[in-house]
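Enquirer: Chains as they are written, first to last, in my numbering: chain A, 1 to 277; chain B, 1 to 303.
No lab work stands behind these hints: they were computed from the structure. Ideal placement from N, C-alpha and C gives every residue a C-beta, glycine not left out. Just so you know, not all the hints are guaranteed correct.
Claimed, not checked - Straight line, CA to CA, 27 Å or less: simulated DSS-like cross-link-like pairs of lysine-lysine:
id : chain 1 : residue 1 : chain 2 : residue 2
1  : A       : LYS24     : A       : LYS89
2  : B       : LYS198    : B       : LYS167
3  : B       : LYS21     : A       : LYS158
4  : B       : LYS210    : B       : LYS236
5  : B       : LYS206    : B       : LYS294
6  : B       : LYS264    : B       : LYS229
7  : B       : LYS97     : A       : LYS107
8  : A       : LYS257    : A       : LYS24
9  : A       : LYS249    : A       : LYS10
10 : B       : LYS295    : B       : LYS206
11 : A       : LYS32     : B       : LYS97
12 : A       : LYS55     : A       : LYS5
13 : B       : LYS199    : B       : LYS295
14 : A       : LYS256    : A       : LYS246
15 : B       : LYS97     : A       : LYS132
16 : A       : LYS132    : B       : LYS21
17 : B       : LYS97     : A       : LYS89
18 : B       : LYS15     : A       : LYS158
19 : B       : LYS295    : B       : LYS198
20 : B       : LYS97     : B       : LYS136
21 : B       : LYS229    : B       : LYS210
As the list claims (entries may be wrong) - Here are some, though not all, of the chain B residues that point toward chain A, as calculated from beta-carbon distances under 7 Å:
id : residue
22 : SER57
23 : SER60
24 : LEU67
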Amino acid sequence: MNKFKLETFKKASLCRHFENQVYKVSQNKHIKFPFYLSAGQEYIAASIYTILEEKGIDTNVFIQHRGHSHYLCKGADPIQLIDELLGRKTGCAGGMGGSASIHSHEKNIFGHDGLMGSQVPIAVGHAYETRKPTIVVMGDASAEEDYVLGALGWASTKNLPILFIVEDNNLSILTEKKMRRNWEMDKIALGFNMKASNISDDPLVIEAFLKDYNFEYPMLLNINTHRKYWHSGAGQDGNEFDRYEKELKSLGDEGKKIDEYNKLFIEKLWQQQLEIQ
Amino acid sequence: MATTVRDTIKEITRKHLSEGKGKCYGQCLTAVGWVGGTLPEMYEEEGMVEFSMSDVSNGSIATGIALAGGRPIYVVRYQGFQWYNLVSIVNYAAKSKEIWNRPCPIFVRSIAMEGGVGPVAGSSHHSLAHRMPGIKVISPMTPGEYEYAYECFMSDDEPYYVSEHRKSYDNTEELENIIHPNSDFTVFPISITRLEMKKLVELAEKENIKLSIIHQLWIKPFKVEDSWKITLDNSKFGGLVTDDDYVEGTASSIANELSLATGKRVWTLGLESRTAGFHPTVDNLPPSAEQIIKKLKQIKYGI
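Isolated chain A, as found in the complex (with noise of 0.2 Å):
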């Protein structure tokens, strides 16, 4: 068994759970304002992060809506999550932040405004700064912010040590990219002098390019990948393709266990949660 894809697969089964949790419970109207679930995504943050970890590196990460994978992924606490999501003090956010705004001081996670893409040049900002390995995560309509473009342009003008990951659904609400835009972000990367790609979100494509990626410079991956549900659950996008099915069939028995256990310990902790007064 490849050992990344099931480490991976277990970070991604954790979200994928969470996110259909919070569906589930919307449904019974205990989330009383909007939410942005990252399902469909999650293997964008579950490969990252577990790459990260086998190499060592941490990283102050700059997320926006959506950002649900990018918090579990990294390690930040679950039942804070879940309490934000309540509109509790003792959530991640003091109950401020609801599903967009979410960050947590322990694992360097910083919230975002509600601005789409600010997190980007903010991001560049910090990161030049501390010097410190960086990672901001947009979505492909968030990305056509005009301030995201100056920043990627700054941020390879002074060489900072940034990952710039455009988690590309190809939609905006509803609209198409191709609605929207004729060129892509890899090759507005490309143009600034800064290394980039686009990619799909197979682990294992993911980690050959993040392998030998030491924040020594700029980069930026934009992953195609398929979004499950819209704003609030709503809608969903439709199973033609789910990169989670996939991965936890190629797994196997071990893969049902894991997927399993991620089931019934969410599904606890928010029956817990949801029993405190």
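With chain A fixed as given, assemble chain B onto it according to the hints.
Expert: Using the frame of chain A, we list chain B on its own:
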């Protein structure tokens, strides 16, 4: 020779950089003029860092530097460019402490000027920042006030919007309040309109108008001091707030606070509600002493 505001800013910046307290960021800082002579001739290796010409990114990059504890001095050469630059400063730096308990202190030098600079670059725009929670707004016009603003910032963990004005850079004098026991009006000037007060008092004497003058340094937080209340209460016709911004913002807000605190009527006078053109005949300048006295006469005599 007395120290000017210009030299004060330059010395503060030099110390900020050379003593490792933080760096200075902005566009075209090392160009001819060094931002009106307010910057020491230092370069990137000494902490004077040139940004690209991407204003919206830059304000956000500076925010990230502040988030990392870099205590940046961020120079925006024309206050009107804050329409681009403030995006993350007011939406992230100003909110970060409240939402995530992560302070984001940034010293934003926001430089006003007017006269031939057209519809965007000219005048002050502190009203933009004023309406947002979590940011402090101060408008120093004297050497002492500038030092005070910087010291407050360095002992604080909030973002500061420092509303400067190029015409104050030659100023060497501290501006004292004038309290008249039974004035006709109390004037509360903000920004560069404060430098009109000396002339205004002379004009007022000729017109037999008794004035009290209470200079406004802090725009936000704004606190009505007891002595101001007494002075305004004793002013026969009420008060007037003068500003270098459009009145539908800071000036109106402060006038409202003063009015609520005293029950007195408080008027406003700032930029005219129209777009500034480049030629002197179509420009839009802050109220002069002559314009202010005209307004006071209109109020006093009901004309």
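Enquirer: Determine for every hint whether it applies to the structure shown.
Expert: Quick rundown of the hints versus the structure:
1. LYS24/A x LYS89/A: holds, 23 Å
2. LYS198/B x LYS167/B: Cα-Cα ~15 Å, so holds.
3. LYS21/B x LYS158/A: holds, 21 Å
4. LYS210/B x LYS236/B: Holds - the C-alpha atoms of LYS236/B and LYS210/B are around 10 Å apart, at most 27 Å.
5. LYS206/B x LYS294/B: Satisfied, since the Cα-Cα distance of roughly 13 Å is no more than 27 Å.
6. LYS264/B x LYS229/B: With a Cα-Cα distance of about 9 Å, the restraint between LYS264/B and LYS229/B holds, given a limit of 27 Å.
7. LYS97/B x LYS107/A: holds, 17 Å
8. LYS257/A x LYS24/A: holds, 22 Å
9. LYS249/A x LYS10/A: holds, 14 Å
10. LYS295/B x LYS206/B: holds, 15 Å
11. LYS32/A x LYS97/B: Given pair LYS32/A, LYS97/B holds - Cα atoms ~24 Å apart, limit 27 Å.
12. LYS55/A x LYS5/A: holds, 15 Å
13. LYS199/B x LYS295/B: Distance ~15 Å between LYS199/B and LYS295/B Cα, so the pair holds.
14. LYS256/A x LYS246/A: holds, 12 Å
15. LYS97/B x LYS132/A: Roughly 22 Å separates the two Cα atoms, so the pair holds.
16. LYS132/A x LYS21/B: Holds - the C-alpha atoms of LYS21/B and LYS132/A are around 19 Å apart, at most 27 Å.
17. LYS97/B x LYS89/A: Measuring from Cα to Cα gives roughly 15 Å; hence the hint holds.
18. LYS15/B x LYS158/A: Given pair LYS15/B, LYS158/A holds - Cα atoms ~25 Å apart, limit 27 Å.
19. LYS295/B x LYS198/B: holds, 17 Å
20. LYS97/B x LYS136/B: Given pair LYS97/B, LYS136/B holds - Cα atoms ~13 Å apart, limit 27 Å.
21. LYS229/B x LYS210/B: holds, 17 Å
22. SER57: Interface hint status for SER57/B: holds (3 Å vs cutoff 7 Å).
23. SER60: Hint holds; SER60/B Cβ to chain A Cβ min 3 Å, cut 7 Å.
24. LEU67: holds, 6 Å
Checked against the numbered hints above, the structure breaks none of them.
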